[in-house]
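Enquirer: Using the hints provided, position chain B relative to the given structure of chain A.
Each chain, written out:
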Amino acid sequence: MTQWDSSWPKFLSQDERDGLFACLGREFGIPATILSPYELLKTSRLYYLLRHHKKIDALRPLKIQNAGLPAIRIMKRHLKPTTEFIRSFGQFFTKRLIIVGSKALMTIATKKTIELSELTGLSDLSLLDKGRAIDIRSISSLETGFYLIKCREIFWGSVFIRDNILISYFSKNINKTVLSMDICNNRLIC
Amino acid sequence: MSDRLLDPFPDYDFIPDKDALLLHMLRPLPSYLRINPIYISEEDAVEAISAEGISLKRVAEVPLFYKADWDKGLGHTLSYKRGLFYPQALSSAIPCLALQPTAQCLILDMCAAPGGKTTYLAALTEDKGLIVANDRNIRRLTALNANIKRMGLTSIVVSSISGEAFPLYSRFDRVLVDAPCSGEGKYRIAPSGDVLSKSAGRANLPAIQKGLIVRSFDALAPNGVMVYSTCTINPLENEAVVAYLLKKRENAKIEQWSSPIASYQGLTAYRNHIFGEELRYAHRYYPHKIDSVGFFVAKISKSG
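In order, the protein sequences belong to chains A and B. At position 103 of the first sequence the residue is numbered 103 (the working numbering), and the sequence of numbers has no breaks. At position 169 of the second sequence the residue is numbered 169 (the working numbering), and the sequence of numbers has no breaks.
Bound conformation, chain A alone (with noise of 0.2 Å):
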């Protein structure tokens, strides 16, 4: 069979695709199911989710800019879902995602570094484990790693939490939108 051009990025292979379902799974409760519709391609820090087709090989020999969606960002030891990823499979997300009131998520668009305490002080936290919403303050220590920040039923973005200190991995187009909406009326418009 002919090899794929050297412009697309690697397919992983099947053991490396239950690999990064195990690590998905584990870090963020996603189920390895959801994902298995999709072909899995990686370049050196970034993962694509690019839909399965049974005419893919058909495009082998194809010169291409880029294939799929960018799904999951690797960040040093850490996986990092991308925006788009997240709004588009958030719901899926049973760990690691934080619920957050209108003025927590000002701050965390405002600010790049933010204590978790100064947070928990603005609106309730609740953390999804396992499911389950738990209030953030009930808590000592959160797990390192990447979260995701949902904010009246929209998925806005991840922040990565080390030592009970949040750091905000938001995008700029995120942070504008998210400081231009009109929060003091308890509306989310632009």
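Calculated directly from the structure, the hints in this document are not laboratory data. Hints are not guaranteed to be accurate.
[What the hints assert, rightly or not] Okay, derived cross-link-like pairs now, DSSO-like style, lysine-lysine, Cα gap no bigger than 27 Å in a straight line:
1) B:K72 <-> A:K176
2) B:K18 <-> B:K67
3) A:K111 <-> B:K81
[Stated by the list, open to error] Chain A residues, not near chain B, derived (Cβ > 10 Å throughout):
4) G25
5) E84
6) L125
Values in this document were obtained by computation on a predicted structure and should not be read as measured data. Backbone N, C-alpha and C fix where the C-beta goes; we use that ideal spot for every residue, glycine too.
Expert: Positioned in the frame of chain A, the structure of chain B alone reads:
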């Protein structure tokens, strides 16, 4: 009133109710948007968009399309940034519907940027087909990639190859050629009398279009379907280009197709150009008849 207007199409005596078109060109085109059903359901997306104060009216004939009443730029809304919709002319849906894509198809969108039709094709196949979105202009790929990401689509591969030289080792079940054109279907007349949205380029567009249509047809698999479309009403960029393909490739045939919105038959002749009877199966869309951008759509099949 039209006597006082400068007619940008003095040679086009084929336009039905031409005075009505000239009057129509004095006002802005209405805004339409297409719901992206990938993140949340169409109903939930409509609810979220409406909650921002945008008044939506569903276009029953065209899946996922809504007429949008909103006095600011739709691109500034939260719903847009969340990827819940794509602002898109109603008529630009037509080439995608004519193509009748399915999840089993390998699809080529030859001139894909900025991605309105590509992402609609993905929506029509529930993001389960396999689409190659090609555009030779690498600078235009930024917008294409941004739209694919914003809408969360996983079925699209992006390439940047000159259409006239697109490699023929992969044969596609469906090919869309939404060719670069003079954009006459978008013309508006300013209060000063100036024609707005006029292309500044001086390229020999029919020559480019002819190169694109033949190469695209060659990339089509036997029994495959291709759609050639433009947003111009110029017969030399439309019927003449399709007639050129029919002359060059004996196994090309224009297919009859029922349009979901008001259309007129393709021209069989224009001035001293004879295009042939088959061209009547092509569809012409005039701005004043559909209250959107003027379009030309021809559906072409390739015999086995």
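Enquirer: Run every hint past the structure and note whether it holds.
Expert: Against the structure, the hints come out as follows:
Distance check on the hinted pair: B:K72 and A:K176 sit about 18 Å apart at the alpha-carbon level, within 27 Å; holds. A hinted pair counts as satisfied when its Cα atoms are at most 27 Å apart, and B:K18 with B:K67 qualifies at roughly 25 Å. With a CA separation close to 21 Å, the supplied pair A:K111 and B:K81 stays within the 27 Å bound. At the 10 Å boundary, the C-beta of A:G25 stays outside the reach of chain B, the nearest C-beta of that chain being 20 Å off.
The claim that A:E84 is not at the interface with chain B is violated, since a C-beta of that chain comes within 10 Å of its own (minimum 5 Å). The Cβ of A:L125 lies farther than 10 Å from every Cβ of chain B, with a closest approach of about 22 Å, so its non-interface assignment holds.
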